[in-house]
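Participant: The chain contents come next:
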Amino acid sequence: MPHARNPGTPLATDWFDAVHINRPAAERRAAALTTRRSVKNEHQAAWLLNAIRCMDLTTLAGDDTDARVARLCAKARRPLGDSIVRGLGLAAMPVVGAVCVYPTMVAGAVRALSNSGIPVASVATGFPAGLMPLDLRLAEIRYAVDQGASEIDIVITRGHVLGSNWAALYDEIAAMREACGDAHMKAILGTGDLVTLGNVYAASMVAMQAGADFIKTSTGKEAVNATLPVSLIMVRALRDYGARTGVKIGFKPAGGMKTAKDAIAWQILMHEEAGREWLEPALFRLGASSMLGDIERQLEHFVTGRYAAAHRHALA
Amino acid sequence: MPTVTEALNTMDYGPAPESAAIALNWLTRGPFGHFINGAFTKPGAVFDTVNPATEAVLAQVTQGTEGDITAAVKAAHKAQPGWAKLPGHQRARYLYALARLLQKRERLFAVLEVLDNGKPIREARDIDVPLAVRHFYHHAGWAELLDDEFPGMAPHGVCGQIIPWNFPLLMLAWKVAPALAAGNTVVLKPAEYTPLTALLFAELCIEAGLPKGVVNIVTGDGSTGAALVAAEVDKIAFTGSTEVGRLIRQATAGTGKALTLELGGKSPFIVLAGADLDAAVEGVVDAVWFNQGEVCCAGSRILVQESVAAVFTDKLKARMARLRLGDPLDKSTDIGAVVHPVQLARIRAIMAQAVEEGAELHQPGTGEGCFCPPALLTGLGAANVAMQEEIFGPVAALMTFRTPVEAVELANNTRYGLSASIWTESITTALDIAAQVKAGVVWINGTNMFDANAPFGGMRESGFGREGAREGMLAYLRAPAIKGKARAVLSVPAGLPGEAEGGDIDRTHKLYIGGAQKRPDGGYSYSAQGGQIPLGGRKDIRNAVEAAHKAAGWGKATGHNRAQVLYFLAENMAARQADLAALSSKTEAGAAVARAFYWAAWADKYDGKVHSTQGAHLTLALKEPFGVMGLICPEEAPLLGFISTLLPAIAMGNRVVAVPSQGAPRAALEMVQVFDTSDMPGGVVNIVTGPRVDLARTLAQHDDIAVLWVFADSETCAMTEREASGNLKPVWSENRARDWAGSEGQSRDFLRRAVQVKTVWVPYGA
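Read top to bottom, the protein sequences are chains A and B. Residue 260 in the working numbering sits at position 260 of the first sequence; the count goes up by one each step and never skips. Remember, the working numbering sits 316 above the position in the second sequence when you count from 1.
FYI, nobody ran anything at the bench for these hints, they're computed from the structure. Quantities reported herein were computed from a predicted structural model and do not represent experimental measurements. Please note: incorrect hints may appear among the correct ones.
Claimed, not checked - Taking lysine to aspartate or glutamate pairs in the EDC-like style, the calculated list, with each CA pair at most 16 Å apart, reads: (1) B:K801 / B:E1050; (2) B:K921 / B:E1050; (3) B:K939 / B:D920; (4) B:K799 / B:E519; (5) B:K420 / B:E519; (6) B:K633 / A:E272; (7) A:K75 / A:D294; (8) A:K40 / B:E519; (9) B:K939 / B:E952; (10) A:K40 / B:D328; (11) B:K801 / B:D1055; (12) B:K647 / A:D294.
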């Protein structure tokens, strides 16, 4: 499942300096994505299942405990009720793409997921704001990796983007990438803080040049989290990076996506703007928590023809 | 249907068909007759209307005869006075009811449109039907406000309306809603290929309790349309091909029928290096792969700046590969069926010819039946057929340019002038190009944006008249009728010596061309007003038009600049008032001076509008001069008529080739000295005297004249309207003498007729 790493490139600001982003056009395209495509019946069920495969089931709350994380991991192993799995005609219980937690929760998550093959992702680098001394942020990455995380979701210093300090941003991310070692690195841009789509594109490009394996929209803690227009611009950025380098970069929208409809919408975006390969967990993750519950309800409806109730499904 | 596991492996979209069951059920009400006088007639001789995607016969509809048209027009005439007399509020209620009913049947209309036309359900559902609904709502408002907002204006009467097959319901809404709001009644002829939604709309008229005869719908082919054009209607509104528009222009010439034409296009889609290239690629999808490219304003000429052409073309080709061609009822279809095999054959023929002429064709995918995969032609120049001819199919032609100046030059290198799309993040560059392109609608960083409150219509051979908004209402209203006598036909002046003038030194009059006095090319004079008047001819008109084109700076001058010149002109006329009076009359000269001040006052005040359309969109309706105007001045009031018609035209920025009174041209020729002393740039005003009918014909036939005003006898009016069909210049012709000294001598009509509206859409967002 893990895809080839992104070796990165030297910082090249001309890869984004001359790129212009038009927000109304991006919003138009984003709005049309889900009106231009529709998935129904077996295909809809398949797309919802695929969303589970690509889901980074997440808890990032101040009241997280080992027990709460263990419960989440149990759901990650068995995201759907047995009757639904049978009804869908699946050979095996599907599993989520990863479980995503705070660094101190990694050890518990690794234990709870043992023998499942489900990777543990950890946020790091002073999540969510990232405003800690760099050495402490790098130390946090090493800690999380040491605890058993195989994927690290780092946050960038948004101020570097807002001040166009591309070299500082590049150096910081490159250092984080090095600290990650073999762990895959997802760079969280905090797009709600970056505000303009031009900033989003530039930050995406610098993160990829600095070696990010994935680019990720948000921490889930900004005022605005994953939106389709922002995601569109990030996907176009990774497409442009791929065209220049031949390297495939993954994409992870996170925060604010709660419904099965959202799961379909973002997959349509990936299918249309990036291609089929970006519907695999190696190149696409949905950072979500409550979305899984809605997907389970929709899948039960597909199986039984009756509308489902959340309380009849296991809590994540 | 695959299993869930299989679907999970492929991650295909799978089929997502919209059910056609209810629409098919409605079709069993056929075979259909016409809708005349509030009821459906018994079907007559019928023809099939076919689903182009499946070749299945959907229904049989009646071929409208001359008799059917006569009956419909009669019903419309009977209903019209009562309809017009209703308080605006009452008409508004009917239009509101139509809007609501349309909204309540939105899916039925959408599905029926897909079946009949072949367009994808997404477009019918998300674009055609909501815009049609919006149009009725908007015009319910105009009906309500008509008396307040258009005082003194009256409906034309009965409007004959002929609409195309590409947006059958939407074009019906564009035609019917404003006509009804203004107090007209209508006879509508839907396209032969796509009559069904119009017939369904007829049922809504019954449901809404619309008075009998207000809306009449007669189905049929081109011959039915021709019968409607020939019928006793007061106005013809046509949307369709330039070829047919030209025939209608000829057929209505001299009939007194008002005319608006919304015709073809070959619209430029300009991508500058400073554009969001991915956004522009998506723009091409919306421009030329929307509605199978069967869109009059399709941005089918893609002009890309050289420095980004390679990247842009690669992105465009990649995007094309993701377009889905197929079942129009499938919700995931981007491109449906071409409306008819005849149209498909035409598309293929032009593509083949384009390739033969050296273009490279990129067309991934194959289409069976009446389908045409999206195509891109590259490596071609402006001379290639695909850059010249409207294809009306999903075919884009791409060429490059080097600078914004060249982009404008290429953009305007066409007979058409419907729309333009400009892509750059520099608002400075975008608006500069917008100001220069010859197009009735300009979209900046967008394309194919429409709203009921945004005027739509063309320049050049894309037609004249606007649809939508306040400007569109004017197409269905007329100014008060002129009450004067019909003008007499003039005899052709002979180039022979006349009576002796005697006494004074001979006054030498010459033609006025390019700011200089010129002897007529033919070298003849004729006698009038006791003097020798140059007998101008074809070549003098040619020279005058060329001089007028060279004075293009006048159109770009500020209103204040033009006002200054016109005020100075008025001042100098006052100084020469006695001389002018000697050649006309004291009262006429006095009125002429006052009139000059009047039009000088307007020069910087006839503003455009900012229309309320969509959020975060600035929608500007700019009033632009046509350019070079031909003007046949009234024979009556030789000085005042000349001043009253010439000055509003130049106040708005036009340059004019004027033919003054034939019998009494001396005052106009005397004005030459006033122009010369008033800082009027050479070429803004050109005066050619001589045989008015011949000169009028030459002006009407001239392809480099954008608009023609003819104040003459009815024969000359008819002749110029007919001859103007060559380049489809709008003609304002009037065969009754005006009271030039009174209120007929100065009105908004002169301003309205002197400008054309350019709608510029500027979406914004940081």
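Participant: Indicate, hint by hint, whether the structure satisfies it.
Facilitator: Status of the hints after comparison with the structure:
Between K801 of chain B and E1050 of chain B the alpha-carbon distance is near 11 Å, which keeps this suggested pair within the 16 Å criterion. With a C-alpha separation of about 26 Å, the suggested pair K921 of chain B and E1050 of chain B falls outside the 16 Å cut-off, and the hint is violated. At most 16 Å may separate the alpha-carbon atoms for a hinted pair to count; K939 of chain B and D920 of chain B meet this at roughly 11 Å. Between K799 of chain B and E519 of chain B the CA atoms are separated by roughly 41 Å; this puts the pair beyond 16 Å, and the hint is violated.
Of the pairs offered as hints, the one joining K420 of chain B and E519 of chain B holds, with about 13 Å between alpha carbons and a cut-off of 16 Å not exceeded. Simply put, K633 of chain B and E272 of chain A have alpha-carbon atoms about 14 Å apart, close enough for the 16 Å limit, and the pair holds. A hinted pair counts as satisfied when its Cα atoms are at most 16 Å apart, and K75 of chain A with D294 of chain A qualifies at roughly 14 Å. Distance restraint check for K40 of chain A and E519 of chain B: the Cα-Cα separation of roughly 33 Å exceeds the 16 Å cut-off, and the hinted pair is therefore not satisfied.
Taken as a hint, the K939 of chain B and E952 of chain B pair is broken in the structure, with Cα atoms around 30 Å apart against an allowance of 16 Å. Proposed proximity of K40 of chain A and D328 of chain B is supported: the alpha carbons are some 11 Å apart, at most 16 Å. Restraint check for K801 of chain B and D1055 of chain B: satisfied, since their Cα atoms lie roughly 10 Å apart, inside the 16 Å limit. For the hint linking K647 of chain B to D294 of chain A, the alpha-carbon distance of about 23 Å lies beyond 16 Å, and the restraint is violated.
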